[in-house]
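Read off the chains here:
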Amino acid sequence: MLLTVRTLTKAFPGTLALDGVDFDLAAGEVHALLGENGAGKSTLIKCLTGAYLRDGGAMALDGQPIDPRSTVEAQDLGIGTVYQEVNLLPNLTVAQNLMFGREPRRWGLIHTAALRTEARALLTQYGLDIDVDRDLGSYSVAIQQIIAIARAAALSGKVLILDEPTASLDAREVEMVFDVVRGLRERGLGIAFVTHFLDQVYALSDRITVLRNGRKVVTERTADLGRMALIEHMLGRALESEVVGQSAEGAGATTQPMLHFSGTGRAGAIEPFDLDVGRGEVVGLAGLLGSGRTESAELMFGVRPAQTGAARDADGPLDLSSPRAAIAAGFGFAPEDRKTDGIVADLSIRENIILGLQARQGWAKPIPRSEQNRIADDYIRRLDIRTSGREKPIGDLSGGNQQKVVLARWLAMNPRFLILDEPTRGIDVGAHAEILRLIHDLTDAGLSVLIISSEIDELVAVADRVIVVRDRRHVAELSGERVTADQIMRAIAATDADGAAA
Amino acid sequence: MSLLRRIAPQLVALLILFALVSVVFPGFLSVSLNDGRLVGPVIDVLKRGAPVALLSIGMTLVIATRGIDLSVGTTMAICGAAAAAVIAAGWGLPAALAVALAAGAAAGLWNGVLVAIVGIQPFVATLILMTMGRGIAQLITEGCILTFSDAGLAFFGSGTLLGLPVPAWLWIVGGLGVAALMRRTALGLLIEAIGINRRASALAGVNATVLVIAVYVAAGLCAALAGIVVTADIRGADANNAGLWLELDAILAVVIGGNSLLGGRFSVIASILGAMIIQTIDTGVLLAGFPPEYNLVIKAVLVLMILVLQSPRIAAEWRLWRDSQRASRAAAERRQAS
Amino acid sequence: MTAKTLLTTVAALALTATAAMADGETIGFSQIGSESGWRAAETTLTRNQAEERGYQLQFSDAQQKQENQIAAIRSFIAQGVDAILLAPVVATGWDSVLAEAKEAEIPVVLLDRQVDSSDDMYLTAVGSNLVHEGEVAGQWLVDNVGDEECRIVELQGTTGSSPAIDRKTGFENAIKDHANLEIVRSQTGDFTRAQGKEVMESFLQAENGGQDICALYAHNDDMAVGAIQAIKEAGLKPGEDILIVSIDGVPDIFQAMAAGEANATVELTPNMAGPAFDALEAYWADGTEPEKFIQTESKLYTQADDPAGEYEARKGLGY
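Residue numbers (the numbering used here), protein chains in the order written: chain A, 204 to 705; chain B, 753 to 1090; chain C, 343 to 661.
Think of the hints as simulated: they come from the structure by calculation, not from any bench. All figures in this text were calculated on a predicted structure; none of them were measured in a lab. Treat each hint with caution, since some may be false.
[As the list claims (entries may be wrong)] Which bits of chain B does chain C cover? Going by a derived footprint, with three or more residues having C-beta under 8 Å, they are:
no.: 1; segment: 787-795
no.: 2; segment: 987-997
no.: 3; segment: 1026-1040
Just so you know, even glycine gets a beta-carbon here, dropped at the ideal spot from N, CA and C.
The task is simple: from the sequences and hints, build the whole structure.
Here you go:
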């Protein structure tokens, strides 16, 4: 084995990010590293590249124990990394980027001609014949990514870690990058490959390791691991467990149609989709991370406006070109990343709750303080927000309580359609159940909800209908009896060829 | 947090400075009534501090949105030049005021659009007008000091109303007015929300783009008022020198006022007190009669001391020390008692 | 005749015609820029002087950049002008371009500022003596106060600048032998009107509402104009209760003198070109080498010198 990792452990305050993980990388293989959010992929990579110091376990390269304390040290040992965001310098030339820090010198000065020749020779190995004197930034992301890979491979030469290198590339560009990676495999490098795209895993990798909740679940030859099994490993549940949604009992048929999206899409985010939402209905959006779930929600709320399609209700077309427009149409959106997109940390609970209401009323009509207090106290009680008082800064609350405040902000505005992106992420079990119960109560009162979740059980429990998203497309719709964990996972695992699973 | 508690550090600093200046210049606090107007060094502080106080009102709002406006000093020069040019052309006082305010609003709009719509960083966006604007002012004055003798415009610089200089009234009324506008309407909350987390605020439906433009326009209007005051004061528009470096004093006033340059919670009144602190130092140095070579050093040292004393870390350490002292004293007393 | 030779001939004729039309000598003038009213007036007066004497003036505005000035001088040399006037933006870095002019036997006259090149590189320099200006201002006060006690306040220029240092020195030289004259307060007003006013206000506060001040000496007229307003607003009569003497001779101070609100100013003449042209004419006529520094007159103007008329004469010069 080129690289061996044994019982690697890394703890952060409150969580055990890696819990005795084993990982092997052979020379001349591409090894896919998979797992949902919080599985421990990035922690593992950061331990390998010296960005984090491990708490326990052993790592060895070529049989020699290693203990890199910085990315530079890891690079010197032979471990290079390429990230999703190209981390080169766009305003230097291609040649300067490739040779940065190890420029050929003559009389102490950079030997420009040699620099150019060496850079060109390096790129020829990757079948890339481009002008190395142009600024890196003038080339496409795919070319930049290949240059980043070339640089990393040239610098380290043994192990190459690719952390979602294809996330922002189109299909043709992905193929270009893959050709380069295959070439490096031929040359005997060990390549660890992190991605969210299952098709790419099967197209490129020789072996797969799945992590979940900081533990290694399985390592298997790609050829021996079916899609279904892979997804079971990733999501951590077996197919036979049948959880029937409590709301699935024929609810879908009785709802009156309220909203209708047709052909809604945006290049690079999500392919055009149609979606109907009924009054009081809960629609679930299932799919792996990066499949286009959040992008669908962002289009519906105008965060990133749709480029194609239209939305309408019974009264006619709806303007969803911006969040303000969507709010005017009676929409609400509790985003996935609570800290950066949801809460306004230094403001109090009260201010966070009334923020949306106040923004809709306009600055000139302030909500009287007594009314603000009443609304805040009302929701603190109804949603059981645990706090010593409404004037406490929201940043001081726990994750679950912050989420409840964000929900309260939307509920106070009395929307008709609420989009919840991972509403229970990072929330303790008790609060989790409360939020699901709350969603139920709301829909009984006529509110329609679109819920995005990585937890299939949660979707089964709460949704009347589930849309499955895969590779930036809505690929299946399950309703009524068919809203089961089993069916959802089959739809996520299906390839385009057997799309009939839907 | 009540207003008084919020501005207590600035009030204390101001009182200490008053005492300090009174030591080097004993007559500092004496005020007399002369021809129906109050006269005295403190009144001079109120009057001379007007440009920075006015600028600090708008600057506070801009900084609350996590921005900065480096162009206000230059905007002062443009607006003052515009007012003087209109007076010189004989269009009268109302037109002069209107044109000056419109020029300030236009400058603010330019900055606001660059920041909120084009998406340029505020520091860079306002630097453009800062460097370019003085040229515009010089074009208006044709390179010379454009003097005028209109008593109406001069009133805004050296006039007296109910005993107090008119420039002082401008910032008192302007400051209280804006502070009230911020807290009596929802503007204060919405601006703070944008400054703390613009993305989350926009997702909650706050019209961040319009509000950001509005605060830059407000800063431009404040700069226009300040420009009118300095131009009226010397009865002439000095394009080269009017408002020169005052943007830095305004930013300093906001910081002395305890507002974070990272945006969020703000207090206009505290910023204005910051401006008065700066002016008290300036006037104090002049009255003390030190050689001019020391002016800037004295100012820097005093400002540094005020900022250090106000720093939250120092305050926390002091509280910690005080509590430990109390605890040990209590322990000692208990020992004695037993 | 081919088209090409025709064109060449026409061009040659045109050149000859231009040269023939040039009535008198051609003079290149590299000006710093137009950063102040005084400099604008200097440019205007140089143009006027050249016109009166029938010279062709090639004017080049360097916009505060030395490289522009060097480029302008090289182009003057290439054109073969008869003389070059240079108002240098900085003191250093002129050696090579002055050597080129000397090589081409074109006399160079420096205006109002000096360079640190050796003085055989240029014909002469025309300028005022800043210390002398201060002395003239001080002498006026000495002559007018007589034996009475006089407490003087001084508005300095920008701290550390050479006009501030020299004008202060000159003034102190003039009053040092007169024990009845004493500078009691001295602060910088940064050469600006606004600062002049603000600092004067603090002087008035500090000196018993201005009752204890007998005279103001300001390093430039702009600060004096600001101070005059401060004195008026304090309820005193500038020019009577407090004597006011300053330096520069800008139009606004003549207006103040005409109104009786200022007493005297020492002119820093913007007519540097006049003495320069006089020296050049003598040099061209019989090779007379002028002195290496021609000091312009630091003329004193008082209320008796028809300030209203002086104002009218100056207001169009671009101040």
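Hints versus structure:
1. Judged by the Cβ-Cβ criterion of 8 Å, the segment 787-795 of chain B is covered by chain C as claimed, because 4 of its residues qualify and three suffice.
2. Only residues whose C-beta sits within less than 8 Å of a C-beta in chain C count toward coverage, and the segment 987-997 of chain B has 6 of them, enough to reach three; the restraint holds.
3. For the segment 1026-1040 of chain B, the assignment as covered by chain C holds, since 3 residues bring a beta-carbon within under 8 Å of that chain's beta-carbons and 3 suffice.
Against the hints set out earlier in the document, no violation occurs for any number.
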